[in-house]
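**Q** Chain by chain, the residues run as shown.
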Amino acid sequence: MKGRAVSRNRHLVGWVLASPLSLVLMTFLMAPIVMIVVVSFWGATEWSIYPAFQFDNYEFLLTSDVTYRVFLNTFKYAAITWACTLLIGFTVAYYLAFHIRSLTWQIALFLLCTIPFLTSNIIRMISWIPFLGRNGIANSTLISMGVIDEPLEWLLFSDFSVILAFVHLYTLFMVVPIFNTMMRIDKSLIEAAADGGASGWQTLWHVIVPLTKPGIMIGTIFVVALVMGDFITVRFMSGSQSANVGRMIQNDIGLLQYPSASATAVILLITVLMLIGMMLRFVDIRKEL
Amino acid sequence: MEPRPKSFYLLTAFFVLFLIFLYGPTLTIGILSFQGPGGGLTFPMRGVSLHWFRDLFEQQAVGDIWGSFSRSLVLGLMVMVTTVVVSVMGGLAFRHRFAGASLLFYLIITSLVIPSILVSLGVGLIWSQSGLPVHWSTSGFGAQLTWTLPFGLLIMFAVFNRFDRSYEEAARDLGASPWQVIRHVVLPIIAPSLIGVALFGFTLSYDEFARTLLTSGSYNTLPLEIFGMTTNVTTPVLFALGTMTTVFSLLVIGVFLLVVWVMNRRRARHGSDAGQGMV
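If you're matching them up, the sequences are chains S and U in order. For the first sequence, the numbering used here assigns the number 1 to the initial residue and increments by one for each residue that follows. For the second sequence, the numbering used here assigns the number 290 to the initial residue and increments by one for each residue that follows.
Everything labelled a hint here was simulated from the structure, so no lab data went into it. We put the CB at the ideal spot given by N, CA and C, even for glycine. Misleading hints may appear alongside valid ones.
Estimated spans, in silico, between C-beta atoms of each pair [claimed, not checked]:
1. S:R281 with U:S338: 51 to 61 Å
2. U:N450 with S:E191: 24 to 34 Å
3. S:K187 with U:R335: 47 to 57 Å
A partial selection of chain U residues facing chain S, derived with a Cβ cut-off under 8 Å [claimed, not checked]:
4. L300
5. L308
6. P314
7. T317
8. V402
9. V408
10. L410
11. L438
12. F498
13. A499
Full structure from sequences and hints, please.
**A** Put into structure tokens, the structure is as follows:
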């Protein structure tokens with residue numbers, strides 16, 4: 001009897017402590033999702049929306065090629081950004097974890113890598129303008145070096161600048177979890193590999209990479225979620241010339257077509273949750289922290 | 290110590306390039322914000338002046354910057370305090386299994402990965418359909434919490450994963466009540482991490498754009514104001530504002546790091562062993 005009382009008590013304490021968190025997530029996460037699902041079946045006129053239960057929004061969305069092109073474009077951004085951030089992030093984390101020998105330096109350099117995360121994304125996007133513009137630093141440098149004769153037009157307001165900005169903003173999300181996992185690798189494993197006659201590359205590929213997989217997974221979850229759900233980077237860096245799903249939703253919102261925006265949002269949410277759900281099968285986040 | 294391998298120098302070069310990539314653009318607009326009055330958005334510099342910073346202080350010249358700054362500041366502090374309190378309570382809750390814990394955990398992950406425009410749209414719809422006016426301090430505040438809380442909780446999970454429970458057990462053996470254990474043992478041990486949670490709470494809120502877009506109502510926060518400026522301001526005043534905001538963020542980060550440092554120093558001086566409570 002006493003055991004059951006203790007266990008009931010434990011559940012109660014857990015719930016009391018978790019209640020503010022649950023309250024916030026219910027009100028500002030679950031309720032909005034439910035609302036979006038509900039509104040996605042509603043109808044809209046040019047200036048108002050009205051309750052209904054119709055599949056028109058989904059039908060229109062799923063039968064239009066624009067939807068598929070935009071989703072494809074979103075996946076393309078996510079895939080390219082993922083590959084770039086993984087390569088850069090892994091290299092940086094590897095350098096910090098295995099080539100920097102003092103802990104103080106490791107922490108200092110690691111902080112240096114994370115500080116930009118705590119500054120404004122919009123300002124960091126704006127700051128590419130003087131670099132990439134028609135008369136920007138990149139073009140004028142290339143011209144004065146004689147590499148090109150006239151300014152490259154594709155530097156700013158193109159897929160190139162969108163992906164550059166994504167990599168610039170989100171590489172940190174790869175560096176941090178990969179570095180965290182690498183710091184937990186037992187250094188004697190590396191020595192054992194070296195004693196066993198493994199070359200540097202072999203140690204990297206057969207020892208470090210497999211042990212770093214959880215960190216890579218967590219970084220991947222962050223980067224994929226952020227790029228799939230983005231709308232502002234694409235809008236700003238493509239000069240409104242490219243589209244992704246987030247932009248499509250934002251356009252509908254601008255036209256007050258909330259039901260159609262909601263339907264797109266539901267499909268985007270299902271896509272993102274399915275992707276992340278698959279990735280979560282490969283990693284236990286709570287254990288890796 | 291064995292000599293550095295050749296790969297060390299290659300990787301150092303790579304790392305330096307990465308830092309240039311990371312900081313170069315921000316430094317560039319820092320320099321360009323000192324353009325002379327006739328200067329444009331890119332090099333060459335036409336003289337050096339504080340002209341564009343002066344513009345920022347002239348009311349109405351470029352919108353309501355100072356109003357939006359003070360709103361962002363207040364909102365950031367509100368989000369910061371809430372994030373710290375809710376994350377600590379949530380972190381403590383998750384130390385023991387309770388019914389529904391894993392469901393709540395998946396909600397936290399959902400909150401982290403959900404496209405931010407969905408939160409913005411959903412909260413905006415709820416408010417508008419129930420006839421409430423959206424305002425940065427109510428709907429905007431809640432929408433931002435869905436972004437800062439997951440980070441706060443992930444930090445708390447990491448902290449409690451490394452937490453040495455024998456300190457608590459010792460306190461309990463000596464007759465401390467559960468509240469005394471939290472107040473005099475757990476909180477002092479995790480205090481430096483709480484500074485980290487507070488820093489995340491403040492800066493993530495201060496810089497948040499997407500989740501505030503449809504939830505802040507007619508009074509803009511600073512990121513919304515800056516984004517509005519990008520479409521109609523084509524002078525270096527934009528860079529001056531960017532530089533000021535970044536300097537402010539760096540100051541905030543500096544203050545937080547300083548607090549952690551002073552805290553650790555004081556601990557060491559008073560012979561406190563709270564720092565050893567983490568494994």
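**Q** What hint numbers does the structure not satisfy?
**A** Of the numbered hints, all hold.
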